[in-house]
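Chains A and B are the protein sequences, given in the same order. FYI, the working numbering numbers position 249 of the first sequence as 249, with every residue one higher than the one before it. FYI, the working numbering numbers position 20 of the second sequence as 20, with every residue one higher than the one before it.
Keep in mind that the hints were calculated from the coordinates and are not lab data. Since this is a predicted model, take the numbers as computed values, not measurements. Glycine included, each C-beta is placed from N, C-alpha and C at the ideal position. Be careful, since some hints might not be right.
Calculated Cβ distances over 12 angstroms to all of chain B for the following chain A residues [claimed, not checked]: (1) R8; (2) W135; (3) S151; (4) R235.
Here are some chain B residues pointing at chain A (derived, C-beta under 8 angstroms) [as the list claims (entries may be wrong)]: (5) V8; (6) A10; (7) V11; (8) A15; (9) V16; (10) G19; (11) V20; (12) G23; (13) R24; (14) F27; (15) L30; (16) G31; (17) G32.
Listed below are the residues making up each chain.
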Amino acid sequence: MSGSTERRVGGRAVVGEAVGIGGMAMSITLMFLATRAVMGVGGSCADGGPYVSAQRCPDGATAAILIGVFGLFLFGGVAIAFADRVGGIWGSTPILAWAALFISLGWNFLDGGVFSVPEGSGIDPTGVLLGLLFWAMGGVPLVGLLLAARSSSRTAGRTVAQPRAGLMPSAARPTSQVTPQRTDPRRADALRSIATDLGAAVDRAAAVTPVHPVAAPGDTHGSIVDRLERLADLRERGLLDADEFEAAKAAAIREEGPAR
Amino acid sequence: MSAARVLVHAVMVAAVVAGVLLGRLVFGALGGG
Numbered sequence: 001m002s003g004s005t006e007r008r009v010g011g012r013a014v015v016g017e018a019v020g021i022g023g024m025a026m027s028i029t030l031m032f033l034a035t036r037a038v039m040g041v042g043g044s045c046a047d048g049g050p051y052v053s054a055q056r057c058p059d060g061a062t063a064a065i066l067i068g069v070f071g072l073f074l075f076g077g078v079a080i081a082f083a084d085r086v087g088g089i090w091g092s093t094p095i096l097a098w099a100a101l102f103i104s105l106g107w108n109f110l111d112g113g114v115f116s117v118p119e120g121s122g123i124d125p126t127g128v129l130l131g132l133l134f135w136a137m138g139g140v141p142l143v144g145l146l147l148a149a150r151s152s153s154r155t156a157g158r159t160v161a162q163p164r165a166g167l168m169p170s171a172a173r174p175t176s177q178v179t180p181q182r183t184d185p186r187r188a189d190a191l192r193s194i195a196t197d198l199g200a201a202v203d204r205a206a207a208v209t210p211v212h213p214v215a216a217p218g219d220t221h222g223s224i225v226d227r228l229e230r231l232a233d234l235r236e237r238g239l240l241d242a243d244e245f246e247a248a249k250a251a252a253i254r255e256e257g258p259a260r
Numbered sequence: 001m002s003a004a005r006v007l008v009h010a011v012m013v014a015a016v017v018a019g020v021l022l023g024r025l026v027f028g029a030l031g032g033g
């Protein structure tokens, strides 16, 4: 994520994404607290209906889970709508929310099965198993996302890649993502060397086989013109950028001068 | 990382923190906690 690879992000997109992500955080928190409360009364409960429940749900748990579930969909939709424009790791909203939900709920299972067990009872293997399973479900995609972000930031300095725009498809996403941008000094040296060799070869060929003269009699600048034309052709084809073209041109002119 | 990108990260982290606090507040208002 270097400066040269970043596009401008509009303020409206940032606010929209913040509302979506904040709402998702609220929804996940509600579900986390509600399931934690349910775990505190034994892990199951029931409310309403014609029967008398053996274990009523803790206050607020049912409403919190309902709000959490529907809120996650609602604010998730808002966040996804703006994710593409914000880009970066925040553009991968679904993975972040997935990881937050499963890791937080997994902690509830682990806590209930290992750390907050009633006195006299041992570790609850079901809680441990569910906790680890939920952590794996949330953690694996999160690790993958972080590795992808790291890889993206490493390659960002070498290319003009469009910002990673999350997971959502977008008609606005460009089809071509990589364009040479920075001039590698070693590459520039190699190109100068190629230009020099090319010029020398052209000169030798012109001297040995004057079958296809490249210039009219009396024109002593035929080879340099040819070389410059070739360089211009390379420039037009995008194989040389402006800096490389100027460097190669200067080298060709410099080497051509004393020879004539 | 540009200043604009840092600002985006700061806004998103603040949104997450605000969302968590709001979730606790709502849960308390519903009678939980």
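Evaluation of the provided hints:
Against chain B, the non-interface label of A/R8 is violated: not every CB pair exceeds 12 angstroms, the least being about 7 angstroms. The beta carbon of A/W135 is kept farther than 12 angstroms from every beta carbon of chain B, the shortest such distance being approximately 19 angstroms. Taking the minimum C-beta to C-beta distance to chain B, about 16 angstroms, the non-interface status of A/S151 holds against the 12 angstroms cut. The non-interface label for A/R235 is consistent with chain B: the shortest C-beta to C-beta separation is roughly 30 angstroms, beyond 12 angstroms.
With a least beta-carbon distance of about 6 angstroms to chain A, the hint placing B/V8 at the interface is held under the 8 angstroms criterion. Nearest Cβ of chain A to the Cβ of B/A10: about 10 angstroms, over the 8 angstroms cut. The hint is violated. The interface hint given for B/V11 holds, since its Cβ lies 5 angstroms from the closest Cβ of chain A, which is under the 8 angstroms cut-off. Restraint check, B/A15 versus chain A: the minimum CB separation of about 4 angstroms is within 8 angstroms; hint holds.
Interface hint at B/V16: satisfied, since its Cβ lies 5 angstroms from the closest Cβ of chain A, which is below the 8 angstroms cut-off. Contact between B/G19 and chain A, as hinted, is supported at the beta carbon level, the nearest pair being about 3 angstroms apart and thus within 8 angstroms. Given the 8 angstroms rule on beta carbons, the hint for B/V20 holds: about 5 angstroms separates it from the nearest Cβ of chain A. Interface hint at B/G23: satisfied, since its Cβ lies 3 angstroms from the closest Cβ of chain A, which is below the 8 angstroms cut-off.
This hint holds: B/R24 has a C-beta 6 angstroms from the nearest C-beta of chain A, less than the 8 angstroms allowed. For B/F27, the interface hint holds, since its Cβ comes within 8 angstroms of a Cβ in chain A; the closest pair sits about 5 angstroms apart. For the restraint placing B/L30 at the interface with chain A, the shortest Cβ-Cβ distance is roughly 3 angstroms, inside the 8 angstroms limit, so the hint holds. Satisfaction of the interface hint for B/G31 is found here, the shortest Cβ-Cβ separation to chain A being roughly 4 angstroms, below the 8 angstroms cut-off.
Of the supplied interface hints, the one on B/G32 holds, with its beta-carbon coming within about 3 angstroms of a beta-carbon of chain A, less than 8 angstroms.
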